[in-house]
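J.: Between the sequences and the hints, there should be enough to build the whole structure, so can you do that?
Keeping their order, the protein sequence lines are chains A, B, C and D. Going by the numbering used here, the letters in the first sequence line up with residues 603 to 760, in that order. Going by the numbering used here, the letters in the second sequence line up with residues 603 to 760, in that order. Going by the numbering used here, the letters in the third sequence line up with residues 2 to 86, in that order. Going by the numbering used here, the letters in the fourth sequence line up with residues 2 to 86, in that order.
Be aware that a few hints might be false.
Restricting the straight-line Cα-Cα distance to at most 27 Å, the calculated cross-link-like pairs of lysine-lysine (DSS-like) are [said to hold, decoys possible]:
| id | chain 1 | residue 1 | chain 2 | residue 2 |
| --- | --- | --- | --- | --- |
| 1 | B | Lys-730 | D | Lys-38 |
| 2 | D | Lys-64 | B | Lys-724 |
| 3 | B | Lys-708 | D | Lys-64 |
| 4 | A | Lys-708 | A | Lys-724 |
Keep in mind that the hints were calculated from the coordinates and are not lab data.
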Amino acid sequence: MIRVQSEDFDPGVELARFGADNHAIGGICLFVGLVRDGAAEAGSDERIGAMTLEHYPGMTERELERIEAEARRRWPLEATLIVHRHGRLLPGDRIVLVATASPHRKAAFEACEFLIDWLKTKAPFWKKEETTAGARWVEARQSDEAAAERWRKGQAAE
Amino acid sequence: MIRVQSEDFDPGVELARFGADNHAIGGICLFVGLVRDGAAEAGSDERIGAMTLEHYPGMTERELERIEAEARRRWPLEATLIVHRHGRLLPGDRIVLVATASPHRKAAFEACEFLIDWLKTKAPFWKKEETTAGARWVEARQSDEAAAERWRKGQAAE
Amino acid sequence: MKIVYFAWLKEKAGRGEVQVSPPADVSDVAALIAWLKLQDAGHASAFADMSAVRVAVNQEYVKLDHPVAAGDEIAFFPPVTGGRC
Amino acid sequence: MKIVYFAWLKEKAGRGEVQVSPPADVSDVAALIAWLKLQDAGHASAFADMSAVRVAVNQEYVKLDHPVAAGDEIAFFPPVTGGRC
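T.: Shown next, in the form of structure tokens:
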């Protein structure tokens with residue numbers, strides 16, 4: 603299941619209804635991404651204040667559904683969930699939740715990490731950070747590309 | 603933090619207080635292991651009814667604390683939590699919860715998977731399954747050994 | 002056709018979306034961009050560095066040689082960036 | 002010294018824990034096992050296949066040549082098994 607929303611979500615509520623009463627599930631893996639109040643770059647004095655996530659309504663949902671379908675094609679999953687927020691967020695705010703349920707823990711972990719890695723390079727979200735040095739659009743990160751690339755091998759022929 | 607208990611736990615409650623108000627956290631990874639109502643072995647007609655987890659009180663806590671300390675040595679973690687149940691459990695019941703929080707998602711994922719993999723081969727729990735073919739002590743699984751072995755390389759000299 | 006912009010491309014283009022009716026020989030994305038750059042300085046600036054521009058036609062990622070036609074929704078945006086986690 | 006058993010070792014030994022006072026030449030785990038096997042059939046059966054037996058002395062995993070002494074807590078159990086997830 604996919605949800606894109608500006609409102610906050612409650613990971614406990616999501617988890618409580620995730621895969622409920624499905625006794626084929628042996629493991630649930632859940633990831634929550636938060637706005638970090640860290641230095642903007644290593645070695646920098648800049649701090650992140652708020653950030654605004656812009657997205658492409660319609661295409662975002664389409665890409666997330668595609669990523670979810672790809673995960674379910676690759677791993678034996680009993681349930682999947684992606685909740686992604688947009689709009690202005692403050693340090694400590696939740697941004698994204700990804701959850702997977704599988705008979706086996708390894709599949710749950712791999713699929714969950716795959717979902718967040720692909721989402722970060724494929725779902726049309728753009729981030730503008732408000733830092734102590736001013737506001738700026740964040741550039742795509744090489745580390746995100748590398749994380750996504752790892753999963754490329756198993757990709758379906760397109 | 604470590605807890606060993608016979609009572610159930612609420613993953614939502616655990617998650618809500620996990621790393622609360624720590625704005626250095628960029629990602630939280632949580633794993634919940636459940637009693638699976640599957641076939642006992644591939645190709646077998648046997649079904650699992652209940653299972654009983656026996657443990658070694660005192661040594662269990664000690665080993666879990668050691669595993670947690672090892673994870674914190676290897677990855678930049680802002681918070682860690684292990685909750686493990688013992689006693690008689692039914693299909694669908696929660697067995698174990700492992701959670702990690704880090705500035706970076708990759709560290710959160712790796713540390714979380716490390717914790718559950720090591721716990722499965724090092725924490726003194728033994729499982730007796732009640733199946734349609736009778737009760738029996740479960741043998742250690744080669745797949746669990748292999749999963750734990752993966753993390754061996756980074757181990758501290760002892 | 003409908004053109005939509007996101008992130009800094011929206012700021013440079015000076016608007017989030019615009020309806021355009023290019024001439025018939027504007028038949029693919031590359032030609033559309035060349036035509037848009039001639040329309041105003043905002044577009045010229047938005048498309049100055051194409052290495053930082055991604056394109057979707059009807060909400061599917063495409064390359065510059067992808068055909069465009071009346072009725073299409075063509076989106077221009079930078080490479081995507083998720084949260085910092 | 003206090004001997005504790007878990008899982009099927011407890012069932013074979015016929016008890017979960019027992020206090021024993023072996024002779025002074027029982028100075029390591031291997032000697033303790035050899036001595037226990039002479040005490041009764043339950044112990045003999047529990048220790049018949051040592052490949053499936055793990056040992057902890059004072060709640061630390063040890064090998065068979067680890068010393069044992071009065072006051073120690075020596076635990077015997079099978080390799081650990083977590084849930085089936």
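J.: Now tell me, hint by hint, if it's right for this structure.
T.: Outcome of the hint check:
The hinted pair formed by Lys-730/B and Lys-38/D meets the criterion: a straight-line CA distance of about 25 Å does not exceed 27 Å. As the CA atoms of Lys-64/D and Lys-724/B are separated by approximately 15 Å, the hinted pair is consistent with the 27 Å bound. Between Lys-708/B and Lys-64/D the alpha-carbon distance is near 36 Å, which puts this suggested pair outside the 27 Å criterion. At roughly 24 Å between alpha-carbon atoms, Lys-708/A and Lys-724/A fall within 27 Å of each other, so this suggested pair holds.
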